[in-house]
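Protein chains in written order, with the numbering used here: chain A, 1 to 433; chain B, 1 to 433.
I should point out that these hints are in silico values taken from the structure, not numbers from a laboratory.
Predicted model only: the values in this text are computed from it and were never measured.
One thing to keep in mind: the hints can contain errors.
Derived coverage of chain B by chain A (criterion: at least 3 residues anywhere in the stretch with Cβ under 8 Å from a Cβ of chain A; other residues may be distant) [claimed, not checked]:
# : segment
1 : 141–150
2 : 304–317
Far from chain A by the CB rule (all over 10 Å, computed), these chain B residues [what the hints assert, rightly or not]:
# : residue
3 : Ala192
4 : Asp222
5 : Asp410
6 : Glu422
Covered stretches of chain B, going by a simulated chain A footprint (3 or more residues, C-beta under 8 Å) [unchecked claim]:
# : segment
7 : 24–33
8 : 129–138
9 : 320–329
Using N, Cα and C, we set each Cβ at its ideal position, and we do this for glycine too.
If you want the building blocks of each chain, they are given just below.
There are 2 protein chains.
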Amino acid sequence: MIDHRTLRVALLGAGSVGSQVARLLLEHGDDFAERSGASLELAGILVRDPDAPRDVELPRELLTTDAESLIVGADIVIELMGGIEPARTHILTALNSGADVVTGNKALLATHGAEIFDAADQVGASVSYEAAVAGAIPIIRPLKDSLAGDRIARIFGIVNGSTNFILDKMDREGLSAEEAQAIATDLGYLEADPTLDLEGHDAAQKAAILASLAFHTRVSMDDVHREGIENVTADMIEGARRAGFVIKLLAVCERLAGSADDEAISVRVYPALISREHPLASVHGGNNAVFVEAEAAGPLMFYGAGAGGVQTASAVLGDVVSAARRHIAGGVGVGESPRQSLPTAPIGRIMTRYQITLEVSDEPGVLATIAGILVDGGVSAATVEQTVDDEGTARIVIGTHRAREQALGDTVARLAESAVVERVASVLRVEGE
Amino acid sequence: MIDHRTLRVALLGAGSVGSQVARLLLEHGDDFAERSGASLELAGILVRDPDAPRDVELPRELLTTDAESLIVGADIVIELMGGIEPARTHILTALNSGADVVTGNKALLATHGAEIFDAADQVGASVSYEAAVAGAIPIIRPLKDSLAGDRIARIFGIVNGSTNFILDKMDREGLSAEEAQAIATDLGYLEADPTLDLEGHDAAQKAAILASLAFHTRVSMDDVHREGIENVTADMIEGARRAGFVIKLLAVCERLAGSADDEAISVRVYPALISREHPLASVHGGNNAVFVEAEAAGPLMFYGAGAGGVQTASAVLGDVVSAARRHIAGGVGVGESPRQSLPTAPIGRIMTRYQITLEVSDEPGVLATIAGILVDGGVSAATVEQTVDDEGTARIVIGTHRAREQALGDTVARLAESAVVERVASVLRVEGE
Chain A
1 MIDHRTLRVA LLGAGSVGSQ VARLLLEHGD DFAERSGASL ELAGILVRDP DAPRDVELPR
61 ELLTTDAESL IVGADIVIEL MGGIEPARTH ILTALNSGAD VVTGNKALLA THGAEIFDAA
121 DQVGASVSYE AAVAGAIPII RPLKDSLAGD RIARIFGIVN GSTNFILDKM DREGLSAEEA
181 QAIATDLGYL EADPTLDLEG HDAAQKAAIL ASLAFHTRVS MDDVHREGIE NVTADMIEGA
241 RRAGFVIKLL AVCERLAGSA DDEAISVRVY PALISREHPL ASVHGGNNAV FVEAEAAGPL
301 MFYGAGAGGV QTASAVLGDV VSAARRHIAG GVGVGESPRQ SLPTAPIGRI MTRYQITLEV
361 SDEPGVLATI AGILVDGGVS AATVEQTVDD EGTARIVIGT HRAREQALGD TVARLAESAV
421 VERVASVLRV EGE
Chain B
1 MIDHRTLRVA LLGAGSVGSQ VARLLLEHGD DFAERSGASL ELAGILVRDP DAPRDVELPR
61 ELLTTDAESL IVGADIVIEL MGGIEPARTH ILTALNSGAD VVTGNKALLA THGAEIFDAA
121 DQVGASVSYE AAVAGAIPII RPLKDSLAGD RIARIFGIVN GSTNFILDKM DREGLSAEEA
181 QAIATDLGYL EADPTLDLEG HDAAQKAAIL ASLAFHTRVS MDDVHREGIE NVTADMIEGA
241 RRAGFVIKLL AVCERLAGSA DDEAISVRVY PALISREHPL ASVHGGNNAV FVEAEAAGPL
301 MFYGAGAGGV QTASAVLGDV VSAARRHIAG GVGVGESPRQ SLPTAPIGRI MTRYQITLEV
361 SDEPGVLATI AGILVDGGVS AATVEQTVDD EGTARIVIGT HRAREQALGD TVARLAESAV
421 VERVASVLRV EGE
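Based on the sequences and whatever the hints tell you, model everything.
Here's what the structure looks like:
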């Protein structure tokens, strides 16, 4: 049954994902041969230091520091080094020498995606990147192929496992941000420099990739409005809980309503309130989940492990088998060229619901003053709750109807200046409704 | 940007899905041209009666009763007639004349899949069938492509929307089976002959398709152990609720543990208990959700609309765009040939947990007698609860540890014969743990 054609596979990088990919390729070679129709020969593994200690033992003779001779001559190049350079150069070399590329490099795709996809188009090769977004969860291929006959209106989801782990710990165990972060660091959820996760850079890279694919346009990292979880406090999480919400770091990609000649999209990452009834509320720990709302298909959800070496290796190897099948079947790769050039709207143009928490002076007429500022600002309140805590701090929590971010921001600024408002404790967007 | 090659598309059937596919192809022709790289020309629509009234108005000149001349000369044939014949003959004609086939025909694939996939392999054409399982939810392509580099251990899920609607109504509104079924019929969830859904035939067809794909083997409808929801009563649902469970009609496909030369799979459909904490418990109404447990990827869930004309049309059109891309790119289709021939084990070989509800005589020593029968049968009890209701009926509810179905069945038979047991009220399997 097996076509004895052999395809040479070059692996760049042997970190937590790369070493699992190598192990699975070596251990399950027969399975891959059966599934792809070709023997996959792991020709070599590019590493910085062949003698460095590794979690997974790899055959010493496969390790090399010579990128050029490994890449040229390979049929499939798997790039799992991360970072921009030298990954970018290696991928371009691979494409130009006729190889298909499989990568999990979200940072590279979110900044240099256009260049790489153009290079692939020119030679008729494919670039696959299922592992770049949401780890093991098949989301790229469903967007690219399964929903190719539909029109996507909105994608929103939890695409960063580390911050979800922290927010979940805070929500379920009442921990402070510092405590939850310390546990995440201990368990290896956070890197030594945790800002990539905490400030939402990682989620923003994934949002740019998802939006590019969903809307057939080019979205780069810089187009993404980004807020991280640095300012989310235990108090905010407790307040959210009392109101029936949970706080999640969400990536949102949506088409904005507008006339045909005014089409635009919004791509953003921020901590937002989600109803406890919403399926995303029960995404715990380091898991990821992505909602896709398509015009014909309706809402779809994809859920699973968002990270982890062996889990992400599954996504990489699915792409490798597809690339191998393409080599055997012949034909050119399906291009990634965006066919639309939709502007990314500034955050001020989005519309959503908001929850505003104000600390106010505890005196008569406060509510009337605040209500007046809201009316003047064109922001309509759906719920208003006034509380006084044990320390005598009076708070007003306002849940708004859908409002334009610009109007909301202006109104909050006016509230902050008002004599009756002592402090704007928090302003949170409400998503998933 | 657009390659002006035109592909001829033949549509067989204009029911609820077919008419939506036709509408979307006609209305969004430009989108499809951009996405697939070719203009898709709807060459004709095969119908039984061109003058029959339809929900969606279709151009009269496209409607035809002449299958042969529509199919021969088409590049892509979309089969949405349902049933075995003449669908089978039309698909074979299409493949033999070089067309790619897209179908949503689960009954045909679950019975004649082998013949159809072999025919496609021989001519290098593709047969796609995303719409055959779980409506709009992308599940076929993720199994076939995204998880091609992984090894699937288990699939279980809710794949029949009608029965989920009925069970959900019974659970959430306390309705009887008859009441819930009447509402489902009124809302169009059930056909005039509802047995296809209620007795689990529809779910079993989908289970056969999923198992074939997941385990790279051939599973037909006849290999599937099937129990429907006909015997699920309001009492059983109420009992499940008290114990923290919900009853769902589940399709389960799993590899059975065993030595390498004793490999086997189990494919089954039955109403089972699921913990209320499990994500499947919150799949309401006519929705579907499928869990996939892969060795490397871990658990993944796919959720969305399980039926509906326009929703299912999304899945069909995704397949159409992929088939069109393949035509443009060249190369042969990825074959479906199973590479393993795994036996399907009889239901007696599976292992799971069970909940047994017995009506017993209310006298001393009953529990000891029952415990003795369980021990003799090799079935270990995890929980035992004894209750007496307002009418004086004494019940014992036993939750078992994992047991082999064969041993469980023998033990239940012995319980039924015991003098202290008046009636075996229900035996339910517990899944998702």
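Problem - Three-residue Cβ test at 8 Å for the coverage of the segment 141–150 of chain B by chain A - result: Satisfied; 8 residues make the cut.
Practice task
Check the non-interface label on B/Glu422: least C-beta distance to chain A beyond 10 Å or not.
Solution key: holds (41 Å)
Practice task
Compute the least Cβ-Cβ separation between B/Asp222 and chain A, then decide whether it is above 10 Å.
Solution key: At roughly 25 Å from the nearest Cβ of chain A, B/Asp222 sits farther out than 10 Å, so the non-interface label holds.
Practice task
Mind verifying the non-interface call on B/Ala192? Its CB should be farther than 10 Å from each CB in chain A.
Solution key: holds (26 Å)
Exercise for the section: Establish whether the coverage given for the segment 304–317 of chain B by chain A is satisfied; the threshold is a Cβ-Cβ distance below 8 Å, and no fewer than three residues must meet it. Expected result: Coverage by chain A holds for the segment 304–317 of chain B (10 residues, Cβ < 8 Å).
Handout entry: chain A covers the segment 24–33 of chain B, three or more CB atoms within 8 Å, holds or violated
Key = holds (count 4)
Problem - Reported absence of B/Asp410 from the contact zone with chain A (all CB gaps over 10 Å) - result: About 38 Å separates B/Asp410 from the closest Cβ of chain A, which puts it past 10 Å; holds.
Exercise for the section: State whether the coverage of the segment 320–329 of chain B by chain A holds or is violated, taking the criterion as 3 or more residues with Cβ-Cβ distances under 8 Å. Expected result: Holds: 6 residues of the segment 320–329 of chain B have a Cβ under 8 Å from chain A.
Exercise for the section: Verify the coverage statement for the segment 129–138 of chain B against chain A, using a C-beta to C-beta distance below 8 Å and requiring 3 or more qualifying residues. Expected result: holds (count 4)
Of the hints listed earlier, there is not a single one the structure fails to meet.
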